[in-house]
Amino acid sequence: MALVDGVALLLLAALWGASFLFVRVAVPVLGPVALIEVRVALAGLALLAVALLVRRLPDVRRDWRGFLVLGGLSAAAPFTLIAAAELRLSSSLAAILNATTPLFTLLISAVRLRERLSVRRLAGVVLGLAGVVVLVGLGPLRLDGALMLAAGASLLAALFYALGGVYAATRFAQTPALVTATGQQLGAAVLLVVPMLALPPARSPDSGVVLAVLALALACTAVGFGLFYRLIRRVGPAGALSVTFLVPLFGLLWGAVFLHEPLTWATPAGLVLVLAAVLLVTNIRLTGRTRSPSPSSLTRESMPDDIEAAPDHRA
Numbered sequence: 002m003a004l005v006d007g008v009a010l011l012l013l014a015a016l017w018g019a020s021f022l023f024v025r026v027a028v029p030v031l032g033p034v035a036l037i038e039v040r041v042a043l044a045g046l047a048l049l050a051v052a053l054l055v056r057r058l059p060d061v062r063r064d065w066r067g068f069l070v071l072g073g074l075s076a077a078a079p080f081t082l083i084a085a086a087e088l089r090l091s092s093s094l095a096a097i098l099n100a101t102t103p104l105f106t107l108l109i110s111a112v113r114l115r116e117r118l119s120v121r122r123l124a125g126v127v128l129g130l131a132g133v134v135v136l137v138g139l140g141p142l143r144l145d146g147a148l149m150l151a152a153g154a155s156l157l158a159a160l161f162y163a164l165g166g167v168y169a170a171t172r173f174a175q176t177p178a179l180v181t182a183t184g185q186q187l188g189a190a191v192l193l194v195v196p197m198l199a200l201p202p203a204r205s206p207d208s209g210v211v212l213a214v215l216a217l218a219l220a221c222t223a224v225g226f227g228l229f230y231r232l233i234r235r236v237g238p239a240g241a242l243s244v245t246f247l248v249p250l251f252g253l254l255w256g257a258v259f260l261h262e263p264l265t266w267a268t269p270a271g272l273v274l275v276l277a278a279v280l281l282v283t284n285i286r287l288t289g290r291t292r293s294p295s296p297s298s299l300t301r302e303s304m305p306d307d308i309e310a311a312p313d314h315r316a
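Numbers given in our numbering equal positions in the sequence shown, counted from 1, plus 1.
Keep in mind the hints are simulated off the structure, nothing from the lab.
Ideal Cβ placement from N, Cα and C applies to all residues, glycine included.
Check before you lean on any hint, since a few could be wrong.
DEER-style ranges, computed between Cβ atoms [stated by the list, open to error]:
id	residue 1	residue 2	range
1	S205	L150	33 to 39 Å
2	W266	G146	21 to 27 Å
3	V61	A174	31 to 37 Å
4	A203	R172	32 to 38 Å
5	R172	A257	35 to 41 Å
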């Protein structure tokens with residue numbers, strides 16, 4: 002991996018790790034639904050502006066159903082679940098739980114293709130579950146019903162990300178990345194319009210919340226997508242997928258530095274277990290690749306062997 006690609010990878014991980022921080026700041030004021038509606042709408046409009054400049058607009062007439070499904074699976078549902086979870090969870094814990102997405106992708110793909118799981122990958126699933134137990138049961142937050150529900154919402158969000166990855170890999174395999182990302186965010190914005198009207202913001206945001214929302218939508222989502230798909234083109238999906246290991250590290254860092262979130266030995270221990278599990282089930286080569294992949298290789302190479310889902314690890 003070239004130096005410029007390594008810098009891009011670190012920047013992407015920092016942005017996506019910071020998304021949990023910005024959600025934690027804004028969600029108590031705006032509420033989960035209104036926050037995510039603003040996030041996906043602003044990100045979708047920003048990506049649409051770029052698509053207009055490069056003349057790669059989504060074919061809404063042909064693909065509108067697919068964009069709605071993709072927007073629901075990989076943006077509207079998981080974003081809202083994570084925002085709701087962060088009303089109770091720390092941003093760092095939410096970031097670490099989100100790293101279980103490849104584990105769900107493995108299980109979904111195995112069921113979908115009806116193939117046996119290897120011992121290595123089964124061990125990874127068990128290790129990942131152990132990491133979740135350590136994080137939730139032994140972490141710095143008091144274990145109660147609200148915490149269990151919040152942790153469950155975070156894990157359900159990871160499941161939705163996995164479903165969205167499988168769907169994108171089959172439905173939009175030959176669609177340009179910018180087109181898919183634009184349609185995804187705008188589709189999510191359409192789906193959340195009515196829920197937002199039913200669940201408006203709790204109170205008017207102050208300047209800090211407004212800045213957090215703008216950073217979340219424009220930097221973490223719109224710019225983050227651009228960096229991610231650039232990395233796919235330059236180092237291949239396997240190299241880009243190594244961001245999975247860095248996002249929770251930055252989530253942990255930003256939460257501790259800016260929100261002064263408490264840490265115990267269970268937090269780094271659970272993080273190590275979850276990331277080790279991801280490594281076992283994905284066989285990621287952290288060195289990446291320097292050649293650009295062919296369009297037909299983007300879905301198969303993004304996950305190893307029998308897994309066809311594209312990675313998706315943002316808050």
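So does W266 sit 21 to 27 Å from G146, Cβ to Cβ? holds (24 Å)
Lying within 32 to 38 Å: is that true of the beta-carbon distance A203 to R172? holds (36 Å)
Taking 33 to 39 Å as the hint, is the beta-carbon distance of S205 and L150 inside that range? violated (28 Å)
Lying within 35 to 41 Å: is that true of the beta-carbon distance R172 to A257? Hint holds: Cβ distance 39 Å, inside 35 to 41 Å.
V61 and A174, beta-carbon distance inside 31 to 37 Å? violated (19 Å)
The structure fails hints 1, 3 (numbered hints given earlier, in ascending order).
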